[in-house]
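Participant: In order, the protein sequence lines correspond to chains A and B. Residue 1479 in the numbering used here sits at position 71 of the first sequence, and the numbers go up by one each step. Residue 223 in the numbering used here sits at position 66 of the second sequence, and the numbers go up by one each step.
I should point out that these hints are in silico values taken from the structure, not numbers from a laboratory. Predicted model, so just to flag it, every value in this text is computed and none were measured. Any given hint could be a false lead.
Taking lysine-lysine pairs in the BS3-like style, the calculated list, with each CA pair at most 25 Å apart, reads [to be verified]:
hint: 1; chain 1: B; residue 1: 241; chain 2: A; residue 2: 1471
hint: 2; chain 1: A; residue 1: 1442; chain 2: A; residue 2: 1813
hint: 3; chain 1: B; residue 1: 312; chain 2: B; residue 2: 203
hint: 4; chain 1: B; residue 1: 295; chain 2: A; residue 2: 1471
hint: 5; chain 1: A; residue 1: 1668; chain 2: A; residue 2: 1549
hint: 6; chain 1: A; residue 1: 1813; chain 2: A; residue 2: 1668
hint: 7; chain 1: A; residue 1: 1813; chain 2: A; residue 2: 1471
hint: 8; chain 1: A; residue 1: 1722; chain 2: B; residue 2: 203
hint: 9; chain 1: A; residue 1: 1442; chain 2: A; residue 2: 1626
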Amino acid sequence: MANFDLNDDSLVVIVGSGAGGGTLGNELAQKGIKVVILEAGDRNEIQDFVNDEWESFAQLAWKDMRTTSGDWRVAHDFPNLPAWIVKSVGGTTTHWAGASLRFHEHEFKTRSVYGNIQGASLLDWPLTLADMEPWYDRAEKKMGVTGTNGIPRLPGNNNFRVMQAGAQKLGYKEVHTGNMAINSQPRDGRGSCQQIGFCFQGCKSGAKWSTLYTEIPKGEDTGNLEVRPNAMVVKIEHDASGKVTGVLYMDEKGATQRQKARVVAVAGNSLESPRLLLNSASSKFPDGLANSSGQVGRNYMRHTTASVYAVFEKPVHMYRGTTMAGIIRDESRNDPKRGFVGGYEMETISLGIPFLAAFLDPGAWGRSFTSALDDYSNMAGMWIIGEDMPQPGNRVTLDKTVKDKFGLPVASVHFDDHPNDVAMRQHGFQQGAAVYDAVGATRTIQTTPYPSTHNLGTNRMSEKPADGVVNRWGQTHDIRNLFVSDGSQFTTGAGCNPTLTIVALAIRQADYIAGQMGQKAI
Amino acid sequence: MREIERRTTVGRRVFMRGAATAVPAAALASAGMGITAEAAWAQAAKALQPGSMATLVRMSRDTYPHDHIPDVYYVRAVSTFDDKASSDADLKKLLEDGVARLDGDAKTHFKTSYLEVPAEADRISLLTAIAQTPFFSKIRSGLVVSLYNQPDIWKRFGYEGSSYEYGGYLNRGFNDIDWLPAV
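Throw the hints in and build the complete structure from the sequences for me.
Facilitator: Here is the structure:
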């Protein structure tokens, strides 16, 4: 395992070790490029994971203070927990459910296809599906996505079988156990899924792809990658010419360290990445790094989510088995006749008793609430995940008063639903309930969005520097050796889980960075 | 389908995590004999008045009523507040004042203390009236964790908890549903 010097200015320094940062780090290391990944969290390995919702949350979740505002219910119910993401080596790939879907073609050009939607800051990606297909191919192969590369799909669990039966009664056509980065058979040195049912708490069998035990150890084995846990980057520094020169970070003892760098790539997820750029403001860049457009932190997207839970006369035991291996794809098309643009997926979901109590209807009490929990074993559940509209006012800013333990302003997250989001969610609630009603649900429950697991768009990719923060390679328009490598570079969010696209973009970006370094352009 | 044995024997040693409670096992053994200030678990409260402890247990049951869950779990959930109140004077005051307010409301409307109001619907009306107060909010938001995060309560809801040590559900019924219409 490499151990690089703080003054080594030949390094690529990556902030964050999740889907973007972990993948980029390994890809560069495989090309012989020396990389340091600075990860704010601890290094918890598979053997440390626990099948216990609150205990696992305490172990993995990003719990540092954040503030919220806006009309989204999360701001009311969980004012300091806008996002349910991870602070640990592997980032949110420890927590993610494994759903690995490609964007639809139209989702790369929403401004052209959807037109001018009042209040939305839609923009076409400077990329097309055709541009991305080779990189999706590589991402699917790397991650071992079921339903691709000849990999069989996972077997359906009880929760899926309820959804499948309802979907077929309704006439939905594209219904299966998904494209999952979870081994359905042993592959890449990892075993197959044991149907444990705690996908969100870190996969105890390692069947689910996570950078923690795939990309990161592979990169470390090259001798070109060093991962430093408990290293919270607080500032990116630059020279008089504006080129970035390294980062300041707080180490595990709370001491400030300066790591020099040839290239810096930011992959701290869509709340921390813009926060870091904004907190790196200097006399040369008073509005924050890479922010000449004023777009850093704007267009925050979180997907139009909702859940539908249904109670049946007989048992389901939805918690048994792979949490999200089940999907209905028919509503993912763009069909404005439904009353909204964009589409959504319906995917199985399940929470255990502790989290269902907390999230089924936050703040609710009394028998209407508790009777649903009493029927827990007879319950099925699905998650609705659709494309939300980017809006310039949905935004991550620096909180004006609240500071973290290092004295730096925390991220403040403002989010208002767009009318299109509301219409889509309502449609999803209605269709989700119809699926379950078709197989005899005695009660259906509409569950409000959870704290965001999909955080996107706050450093968006744009053709023109005035419209966004990074170019088609994730390279900031303003500073050529500064990159963004996570979901914050998404121009728009598409109606599907984002990780596959984050990984595909990271593989592609690694090629670009290596090429630019080879040409001495950066 | 593989069903779950929901019966639990609550002995003197009931374990709970996420809420290290200090109620002595012997005191807990009296749970189930009624929610009263005279119960041993109420008398064993560290910070709260026994009557307040009993009122909070009654209030907890009314807030999250599960008729198949015995009192002992509510006592344990409430004892997390008592534990914290023993080193947090502000919390202790919030709870004692809250109970006093609830009892005052009960006397006004029903001529007796909250604990003695016989009809659940009447007690719910009293809780509804204080639902927006910091006191109620504190109790509710704490309970939703301290009540439901007791592992030995889970199977009473049909939830089996940690599974990896049993090999997951691969051979234990992940796909054993047998009542769906044929597709």
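Participant: Could you run down the list of hints and mark each one as holding or not?
Facilitator: For each hint, the structure was consulted:
For the hint linking residue 241 of chain B to residue 1471 of chain A, the alpha-carbon distance of about 21 Å falls within 25 Å, and the restraint holds. Distance hint between residue 1442 of chain A and residue 1813 of chain A is unfulfilled; the C-alpha atoms sit about 31 Å from each other, more than 25 Å. The straight-line distance between the Cα atoms of residue 312 of chain B and residue 203 of chain B is roughly 30 Å, outside the 25 Å bound, and the hint therefore fails. For the hint linking residue 295 of chain B to residue 1471 of chain A, the alpha-carbon distance of about 20 Å falls within 25 Å, and the restraint holds.
Between the alpha carbons of residue 1668 of chain A and residue 1549 of chain A the distance comes to roughly 34 Å, so the proposed pair goes past 25 Å and is violated. Annotation: proposed proximity of residue 1813 of chain A to residue 1668 of chain A holds, straight-line Cα distance about 24 Å (limit 25 Å). As the CA atoms of residue 1813 of chain A and residue 1471 of chain A are separated by approximately 13 Å, the hinted pair is consistent with the 25 Å bound. The straight-line distance between the Cα atoms of residue 1722 of chain A and residue 203 of chain B is roughly 44 Å, outside the 25 Å bound, and the hint therefore fails.
Simply put, residue 1442 of chain A and residue 1626 of chain A have alpha-carbon atoms about 14 Å apart, close enough for the 25 Å limit, and the pair holds.
The structure fails to meet hints 2, 3, 5 and 8 from the earlier list, while all remaining hints are met.
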